[in-house]
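Trainee: Make a model of the complete structure from these sequences and hints.
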Amino acid sequence: MITERDLDQAHALLGRLRGAINEAIVGQKTVVDATLIALLCRGNLLLEGVPGLGKTLLVRALASALRLRFSRIQFTPDLMPADILGTNILSEDGGRRQFTYSPGPIFANVVLADEVNRATPKTQSALLEAMEERTVTVGKATYPLEAPFIVLATQNPIEMEGTYPLPEAQIDRFLFKASVGYPSLEDLTAITERNTESAGLTLPKPVASAEEILSAQAVVREIPIAWPLRQYVSRLVLATHPESEHAPKDVKSFVEYGASPRAAIAVILGAKAHALLAGEPNVRKVDIEAVFRPALVHRVILNFRGEAEGVSVSTLLEQAWKETPVL
Amino acid sequence: MFSLSRLERDIAQRSRALRGLRGAGITFAAAVGVVLAGSVAIRFGAFAPRLALSLGALLFVGLAALAGYLVGRARRPSIPRLLLSIDLALATGERLSSLHELRSRGAAPPLQKRIEEILEQAPPAWRRVLRIRRTEVFPWVAGGVALALAIFLAVTIAPPVPATAADPGEVSRISSKGTAVSPSDSGEAAADGAAAGRLDPGQSEPALPLVDTLAEILPAPPSRGLLSDLTDEEVAQGSRSARDPREALSELLSQLMSRAQIDPRQSFALTEREKTALRDLLQDLPSSGLRQSLSSLLSGETGDALKDQIADSKRLLDSLNQSAEGEGNAQVDSVPEDQKTDASEDESESIGWVPPVTSAEGNTGSAEGGERQSGTKLDGPGTEDELAPPLNDEGGTAAGRTGPGEGSAPPPGAGFVPEDLLGSLGAGGDMRRFFTKGMPFEPPAEERGSAAVLPLDYEALRALLEARALTPGVQALVRTYFEKITQGGP
Numbered sequence: 023m024i025t026e027r028d029l030d031q032a033h034a035l036l037g038r039l040r041g042a043i044n045e046a047i048v049g050q051k052t053v054v055d056a057t058l059i060a061l062l063c064r065g066n067l068l069l070e071g072v073p074g075l076g077k078t079l080l081v082r083a084l085a086s087a088l089r090l091r092f093s094r095i096q097f098t099p100d101l102m103p104a105d106i107l108g109t110n111i112l113s114e115d116g117g118r119r120q121f122t123y124s125p126g127p128i129f130a131n132v133v134l135a136d137e138v139n140r141a142t143p144k145t146q147s148a149l150l151e152a153m154e155e156r157t158v159t160v161g162k163a164t165y166p167l168e169a170p171f172i173v174l175a176t177q178n179p180i181e182m183e184g185t186y187p188l189p190e191a192q193i194d195r196f197l198f199k200a201s202v203g204y205p206s207l208e209d210l211t212a213i214t215e216r217n218t219e220s221a222g223l224t225l226p227k228p229v230a231s232a233e234e235i236l237s238a239q240a241v242v243r244e245i246p247i248a249w250p251l252r253q254y255v256s257r258l259v260l261a262t263h264p265e266s267e268h269a270p271k272d273v274k275s276f277v278e279y280g281a282s283p284r285a286a287i288a289v290i291l292g293a294k295a296h297a298l299l300a301g302e303p304n305v306r307k308v309d310i311e312a313v314f315r316p317a318l319v320h321r322v323i324l325n326f327r328g329e330a331e332g333v334s335v336s337t338l339l340e341q342a343w344k345e346t347p348v349l
Numbered sequence: 007m008f009s010l011s012r013l014e015r016d017i018a019q020r021s022r023a024l025r026g027l028r029g030a031g032i033t034f035a036a037a038v039g040v041v042l043a044g045s046v047a048i049r050f051g052a053f054a055p056r057l058a059l060s061l062g063a064l065l066f067v068g069l070a071a072l073a074g075y076l077v078g079r080a081r082r083p084s085i086p087r088l089l090l091s092i093d094l095a096l097a098t099g100e101r102l103s104s105l106h107e108l109r110s111r112g113a114a115p116p117l118q119k120r121i122e123e124i125l126e127q128a129p130p131a132w133r134r135v136l137r138i139r140r141t142e143v144f145p146w147v148a149g150g151v152a153l154a155l156a157i158f159l160a161v162t163i164a165p166p167v168p169a170t171a172a173d174p175g176e177v178s179r180i181s182s183k184g185t186a187v188s189p190s191d192s193g194e195a196a197a198d199g200a201a202a203g204r205l206d207p208g209q210s211e212p213a214l215p216l217v218d219t220l221a222e223i224l225p226a227p228p229s230r231g232l233l234s235d236l237t238d239e240e241v242a243q244g245s246r247s248a249r250d251p252r253e254a255l256s257e258l259l260s261q262l263m264s265r266a267q268i269d270p271r272q273s274f275a276l277t278e279r280e281k282t283a284l285r286d287l288l289q290d291l292p293s294s295g296l297r298q299s300l301s302s303l304l305s306g307e308t309g310d311a312l313k314d315q316i317a318d319s320k321r322l323l324d325s326l327n328q329s330a331e332g333e334g335n336a337q338v339d340s341v342p343e344d345q346k347t348d349a350s351e352d353e354s355e356s357i358g359w360v361p362p363v364t365s366a367e368g369n370t371g372s373a374e375g376g377e378r379q380s381g382t383k384l385d386g387p388g389t390e391d392e393l394a395p396p397l398n399d400e401g402g403t404a405a406g407r408t409g410p411g412e413g414s415a416p417p418p419g420a421g422f423v424p425e426d427l428l429g430s431l432g433a434g435g436d437m438r439r440f441f442t443k444g445m446p447f448e449p450p451a452e453e454r455g456s457a458a459v460l461p462l463d464y465e466a467l468r469a470l471l472e473a474r475a476l477t478p479g480v481q482a483l484v485r486t487y488f489e490k491i492t493q494g495g496p
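Keeping their order, the protein sequence lines are chains P and X. Numbering-wise (our numbering), the first sequence opens with residue 23 and increments by one. Numbering-wise (our numbering), the second sequence opens with residue 7 and increments by one.
Possibly wrong hints are sitting among the right ones.
Rough simulated footprint, nothing fancy, chain X against chain P, three-plus residues with beta-carbon under 8 Å [said to hold, decoys possible]:
hint	segment
1	240 to 246
2	300 to 311
Label pairs and their in silico Cβ distance ranges [what the hints assert, rightly or not]:
hint	chain 1	residue 1	chain 2	residue 2	range
3	X	R137	P	K344	20 to 30 Å
4	P	P189	X	Q19	54 to 64 Å
5	P	F326	X	A80	48 to 58 Å
Residues from chain X shown here face chain P by an in silico Cβ test under 8 Å; the list is partial [what the hints assert, rightly or not]:
hint	residue
6	R87
7	L90
8	R101
9	S104
10	L117
11	R120
No lab work stands behind these hints: they were computed from the structure. Where is the CB? At the ideal position from N, CA and C, for every residue including glycine.
Mentor: Written as structure tokens, this is what we have:
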């Protein structure tokens, strides 16, 4: 049961975090919000964008603002699962030799999986358990990860050579997929100013502890959502399924697989976090609208016809949103 | 302090009332549709309009609307959906529905408190959302218009009376007498040129508007007006005799003869239907000779024998009819001397009526013929003697059958002999015209000049009416009628 104090602390924490991130990141409000929402929802975030847009910087800024352990893993084709999860090494203790587990970089609170699609599927799959169950299994031993835990992965959508697209099982484990776009003229000017004057870019100082993050995560789950709105979210997710009666015409034509139940959970949790981020005591329709597309865009799989005709999943989601009535 | 419970109670009541109103509107419109269909049916004569029917229709509409209201109101609204619809309409940030969710779960009191504070500062004007909308008013408007149309159809437009199939034989016989009473409504008959044409096919000039004199003196239905002293049996008798059995028999025999002519088979026989019709007619025929002749048709003969019997029966019937018309002519002859010449000449010239040549007239001037005729009529209808004159042109035969009343009956043309007209009127066949609201027949324009000297007046018919033993009420009605059509003069 949350208290008034928890509620006030959560609002204050989010304000501080947003301010700290904005010290390093110019603009990109949507992406920053998506990052904070993923953190509050105990989810993972997939950041997609061309190089140089500040994806890695955003994650570093967040990690810096949080008084938490941060790991960065640069994914390459020769990266092995043990390089992420850790491995058992032979050690000698008092003349007795034994295997001792040496944790990998996954054992952190904030993990940056940079260019995650450059590793092989085998290595990518090493993240599955950590992202969903918050545990790591090596050999016969399973090790829990410390809360809060969040994986922030980046990938480059245009440089496809030598990459391995994320398997559906893994991509479904990302709460959101946020597309990092080009900054506006004013934002770009501010970026150049920050990076070329005086000491250059500086990361923010820590403004939040792990306890505060966990408390805020608990508050998010208490944010109420009306039962008809919950049904509305379910109808929205079902509208992405081609076999569903709620599906728009284009969804039936171009979609092979619709969004999973994780998508509905992601939308509702994300809407709650979005409401808290906005200072609202309850979920509104606008909160659902804000998280609907980032929560579903990576979970809808086009069929061959959709791929061949270059249909955008975002367009299909827009259609589903428009054609699904609230009541 | 904001009270969600009170708000939920209020909006639930309002919503149920609106649902009831919507249901009532739908059932009201549907019921009015049914009533409108009924009115259209009345308009086209499917059934007769009655006051009870109208009241029942109004009651039906009212009950349907009430039932729709009760059924609509009985459905319990979904409070969360109602609250969310109010939230969305008023852009309250989905506070109401969220607060309902929190209260139903009993969770997060701080959040409840914050939402209630927000709602307290800006109470939602939910009545603006739960109001009567155009879609709910539309069934009432449509139903009201349809109801007005139904009432207009049922009340202001009189249903048309189905056209009566006039018997050509009957019409020609009526027109030959110069006076006809249409069985249909007088106004319809006056307006309907086709109906007038049916009355007298020989006329090319359209009939002039007729004055329903009888209707003027019969403000109420005959059974409740001047004919109120008639018993129900008398009225029923008049209704039953709407069709002269001899006319029906004549038609039937004509049909049989036609069929016999085109059917060369030796197995030619009567159908069961024809036999049944013959049996029915047999009971109504007054003449025993004719009955005997018809009985022979039912004896089971076939082929040429049956055809001969049919031809014989037809000839016998024609003779009987001619005899009856000849006796009807005696009515004209019975007009007083000062009117007789003009009337008979004018009538035969202007109306074109030619008295049928009967066996009785063939014997005009013959004492035997006169005796025979008067003698037969004194015996009354249904005696075998009635058939004697047409069957036998020999006066001796007729004279040999004269009855006891022979000596008291005056000869034809010597004055009005009421007994002679009994057979002419038949077994109550013409009585129906006294009961039927109708129009007097008017002759064509070129013949109308002499219409003012129609020989028919009450004094000339008084003896006839007395002989018919009509009730005083009917006699008064006939007198009033004749005074109307003659305007006091002859």
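Trainee: Each of the hints needs a verdict: does it hold here or not?
Mentor: Here is how each hint holds up against the structure:
Interface restraint, the segment 240 to 246 of chain P with chain X: holds (3 residues with C-beta to C-beta distance below 8 Å; minimum three). Check result for the segment 300 to 311 of chain P against chain X: holds, 6 residues qualifying (beta carbon to beta carbon below 8 Å, three or more required). Checked against the hint of 20 to 30 Å, the pair R137/X and K344/P passes, with Cβ atoms roughly 27 Å apart. Separated by about 56 Å at the C-beta atoms, P189/P and Q19/X satisfy the suggested range of 54 to 64 Å.
Taken as a hint, the range 48 to 58 Å holds for the pair F326/P and A80/X, whose Cβ atoms sit roughly 53 Å apart. Among the interface hints, the one on R87/X holds; its C-beta lies about 5 Å from the nearest C-beta in chain P, closer than the 8 Å criterion. At about 4 Å, the closest approach between the beta carbon of L90/X and any beta carbon in chain P falls short of 8 Å, and the interface hint on this residue holds. Look at R101/X: its Cβ gets to within about 6 Å of chain P, closer than 8 Å, so that hint holds up.
Because the smallest distance between the Cβ of S104/X and any Cβ of chain P comes to about 3 Å, under 8 Å, the interface hint for this residue holds. Checking L117/X against chain P by beta carbon gives a least distance of about 5 Å; that is within 8 Å, so the hint holds. For R120/X, the shortest C-beta to C-beta distance to chain P is roughly 4 Å, which falls under 8 Å, so the interface hint holds.
Checked against the numbered hints above, the structure violates none of them.
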